[in-house]
Every structure is written in C-alpha cells, then in structure tokens.
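A.B. asks: Here's the letter readout for the chains.
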Amino acid sequence: MTALVWIILLMTTATGAGVVFSREPRQQVLAIAANGLVLTLLFSVLQAPDVAFSELAVGTVALPLLFLVALTSIRTDRKDPP
Amino acid sequence: MTTHDRLDMTAGLPWCVAAWLLGVGLYGVATSRNYVHLVACLTVVQSATYVVLLCVGYRWGAGPPIFYAHPPGTPAVDPVVQALVLTDIVVGATVSALLLAMCVQLHKRKGTLDPERLRPMRQ
Amino acid sequence: MPRLRMVLFWCGVLLLIAPIAAVVCDMPRFGDHPLPYGDAINHDAPRDRHVSNTVSAVNFDYRGFDTLGEEFMLVCAVTGAVVLLRGSRGESVTAEPGTLPGRGLPGRSDAAVLISRLMGPFTLLFGFYVVLHATVTPGGGFQGGVVIASGLLLLFMGEGYRGWRRIMRTPWLDVCEGGGALLFALAGLAPMLTGSAFLQNILPYGKFRDMLSGGLMQIENAGVACAVMAGFSLVLLEFLEETREPEHDDT
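Those protein sequence lines, which keep their order, are chains A, B and C.
Numbered per the working numbering, the first sequence spans residues 1 to 82.
Numbered per the working numbering, the second sequence spans residues 1 to 123.
Numbered per the working numbering, the third sequence spans residues 1 to 251.
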C-alpha cells in the first residue's frame, strides 16, 4: 500500500508536468485526460472513492471534452478580425 | 517497526508533490503562448490543492468514510476534506468552461489567442 | 516583454520558495496525525443522521451552507459561459435547426451512432443510480449529475442535432439549471417556516443503509444533481453549437 501511494504520487508529478509542457493544445487534451486518470488512481488509493468518482467523471471525460469542443470551435472560427 | 520505517520515507513526499504541481502550473501560466493552454495549466494548479487536502485527511490503514460494507466505528479517513475536494472538482470544471468561453470570444474578436500579440488592449 | 514576464516569474519563485519550504517542513506527518473533525463526523453521522456515506453527510448536512455557495458558483459560471457563447450567436435556441441561417449539418459515422445509441441509455441509468444512492454508497448529485450529462451528450451524438432538438429544447435545460439551485435554497428556507434553523434537517432520517435515508439531504442532493446535469449539458451544447461550420466559409 505504501509503495503504491508513493508511485502514484510520483506519476502525478509526471502527468501534471505533461499537461504544462505539451504546448500544442490539441495534444494537451490527451495530457489532461491522462492527468485526470492518474489523479483518479491517487484519490482511490487515498481511500476517497467519492472524490475519485468525481475526478473520473470530470477529469477524464468532461474536461477533455470541454477543451476539445472549445478548440474545435476556435478552429472553425476562421473569420478575420475586424 | 517496519511500517514506521516505510512511513518515514513518504512522510514529506505528498507536500513536495503538491508544491511541485503548484510551481509547474504557475510556470506554465507564466510562459504560456496560448490562452487555452493557460486554462489547462490552471487546472494543474488546482490539482495541487486537491493533493494537499486529501493527503492531510489520509490515515495509514484506515478505510474509506463509507460505512456500508464495514460497520460504523472502523477507522476511516477524514470525510470533511473529501467533501471540499469533491465539490470543487465539479465547480472548477464549470469555471474552466467559463474561461474557455472567454477564449472563444477572444479569438472571435481579435483573431489570436497569444497573450503576446494582444498588447493593444485599450482600443 | 516575454523576458520581463520571466523575470517577474523567477522573482516570485525566489520570494516564495523559502516560505513554501518552511511550510512543507512544518506540515504534519503524512497519514499519521490526529483528525478530530473527521473522527467526530465519522462517529456522529451514521448514528445521528442514519447515513452511511459520511462525505455526503458533510456535503449536504454538516456543511450544507458551504455547498449552497458552491452551487451558486456553479450556476454563475455556467450562466457566464452560456451568455458569452450565446450572446454573439443570437438567442434563437428553439428554432428548428434547418431554419438556422448559414449553418450546415456535418455527418456522423455509423460506428459512432451505434456506440452512442448502445451506451447512452446505460450511462443515463447509471447516472440516476449514482444520484439516488448519494447517502448510501460513493456517489451523489455532483458525480451523478456529470454522468447524466455525459449520457445526454451520447444521446446527442447518437440522434444527431435534429433529433436532439426535437426531444430536448434548451429552455428545459435552463429551467433545470436554475431550478436545481432554487430547490437547494428552498430546502434551506423550508425548515425556517417550522421555526428551525436554515438548512436544519427536519425530515425523518429513514433507515440506516437505506436508499432514502438522510431526510433533507435527499432534496438537496436532487437539486445539486439537476443543476450539475443541466450545467454541464448546457456548456457542452453551447460549445458544440459554436463548432457547427458556417456554410459561407469554404476554407
């Protein structure tokens, strides 16, 4: 159990940095989903099933989807600024 | 006590992880060249608070604070911090949505999402 | 200018690094310190409120006022996002999609339709299950609301824009969004009519480990579920409306 907490905490540092250092927002969507998944694992290891569930629904599904549709709507907006 | 030795190894690690997430997220905010990227960096900063809160409420060997399978009275972790984090995850996502809507509007008005190219804000 | 930003950033880092290091050194040992509040609630909630999920008990009972604030934050953020997105596009949300000027309908693949139609109802059912068992097992209005919203989105993907608009008028979601917050506020005000305090749990608590245990928590939970479900669906739908390609743009 101890080792598991330790490993997943280190994975959190890696995926958190992954979100920041993936500069292209379209790649970043996947990094956000990976970060959400690792945070879900961390919260379930920390005995917080409620929070893990919330993070699973929001962090790996809703938030990446939100970024994806926002990026698509930015991409489809080709109109030149006035 | 072997468990105690193992405790020592990880005693300070969660706080260091949270500090790292805060620092790396703020670095991303400072160096970002795209507002969508900046919003994602803000979510990393947010996750630092989740790590701190849940690790503060953790207790070695305790179960989840849900007394369905095991009877009330068995050791459990702190439900207060979990309730705080739980609501904030959901509300934080809608705040990110608000920021992304601002990004979409910005791109419509100015045609760019780069903070460096948005300097003439006064016009 | 970017150099100035980085200088400012590193100045901030230099200023903050010592206090942060001091805080990290002074933090209690991970997993090995007293938790007085948590223990008190873990002890009291199953006995006094007949609730087995003490996280929900904190959310809807012991710290219910805090959750009311969170609920209004959610409504404000969703309203802001919807106003920003809808404001530039016009308010014709109940119009038939074919009559919206200058908008085309992108096609969908058969595989996406099949998977969405298979998974949509199950996701909705699971969402309702999660909402209803808030006080018993892990789950509740916040998580269940997001699950229901993703189920509704699967319906959107399975049925397409026209089918979606036929079954789901956006004002219905707007009403759900505001009504959820209103329900929570009324659940707080109703006990005051009987002379009790704001948000005091006056309803019968029910049986321990029963789906309907918790009294007033069930109503607050339903309000939260409505607001979260409608909020997430609204925001995702408004973004999706933005992505519909204008026909006059051939790039």
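Source of the hints: derived by calculation from the structure; they are not laboratory data.
A portion of the hints provided could be inaccurate.
[As the list claims (entries may be wrong)] Covered stretches of chain C (chain A as the covering partner; in silico rule of three or more C-beta atoms under 8 Å from a C-beta of chain A): (1) 37-49; (2) 146-156; (3) 223-237.
From a predicted model like this one, the values you see are computed outputs, not experimental measurements.
A virtual CB, placed ideally from N, CA and C, is assigned to each residue, including glycine.
A.B. asks: A separate judgement is required for each hint: does it hold in the structure or not?
C.D. replies: We went through each hint and held it up to the structure:
Only residues whose C-beta sits within less than 8 Å of a C-beta in chain A count toward coverage, and the region 37-49 of chain C has 0 of them, not enough to reach three; the restraint is violated. Taking a C-beta to C-beta cut-off of 8 Å, the region 146-156 of chain C contributes 5 residues in contact with chain A, enough for the three needed, and the coverage statement holds. For the region 223-237 of chain C, the stated coverage by chain A is satisfied: 3 residues place a CB nearer than 8 Å to a CB of that chain, which reaches the threshold of 3.
Violated hint for the displayed structure: number 1, the only one.
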